[in-house]
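**Q** According to numbering that gives the first Met the number 0, the sequence shown is numbered sequentially starting from 0.
I should point out that these hints are in silico values taken from the structure, not numbers from a laboratory.
As the structure is a prediction and not an experimental result, all values here were calculated from the model.
Glycine included, every Cβ here is placed at the ideal spot set by N, Cα and C.
Certain hints may be false.
Computed spacing ranges between beta-carbons, pair by pair [as the list claims (entries may be wrong)]:
1) 46 with 117: 21 to 31 Å
2) 116 with 64: 31 to 41 Å
3) 11 with 38: 26 to 36 Å
4) 129 with 25: 44 to 54 Å
5) 75 with 109: 46 to 56 Å
6) 90 with 111: 30 to 40 Å
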Amino acid sequence: MAVDSILDAARAGLAYERLRLDAASRNIASANVALAPGQDATRLGVGAAPRSFADAVGFGPGLAPQPLAAREVHDPGHPLADAAGMVRYPRIDMVQEMTTLMTASRGYEANVRSFNLLRGMMLRALEIGAK
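Model the full assembly from the supplied sequences, consistent with the hints where possible.
**A** Structure, rendered in structure tokens:
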């Protein structure tokens, strides 16, 4: 396996885990933000396309909204309440989002370690070649 392909794999892993961290963070932040009347509840997820397809159309993994059920809270004084006094919020599963944060952060750390390990091996090979 060529060194460039190993570096590309580590870079792709870093980018993917960063997207997962970003999606989970945004979902947690929007969990208690009221939805405007007529607005659909969504959560962000990471959509990934196969490498050959991504090359053909010019895009790769990215954040993609996914439909989600809304939870309703009775709060007649809220400015976004409907006629019945109900306010709609996205039904974000906090346990799932926190789990995603932890696994994405560990995946990111693993990719950083592999990147640093490869860098160390390349530097060591240069030292050996210089002798």
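**Q** Hint by hint, note whether the structure agrees.
**A** To see whether the hints hold, each was checked on the structure:
1. 46 with 117: 21 to 31 Å: 28 Å, holds
2. 116 with 64: 31 to 41 Å: Given a distance of about 36 Å, which is inside 31 to 41 Å, the answer is holds.
3. 11 with 38: 26 to 36 Å: 34 Å, holds
4. 129 with 25: 44 to 54 Å: 48 Å, holds
5. 75 with 109: 46 to 56 Å: 49 Å, holds
6. 90 with 111: 30 to 40 Å: About 34 Å separates the Cβ atoms of residue 90 and residue 111, which means 30 to 40 Å holds.
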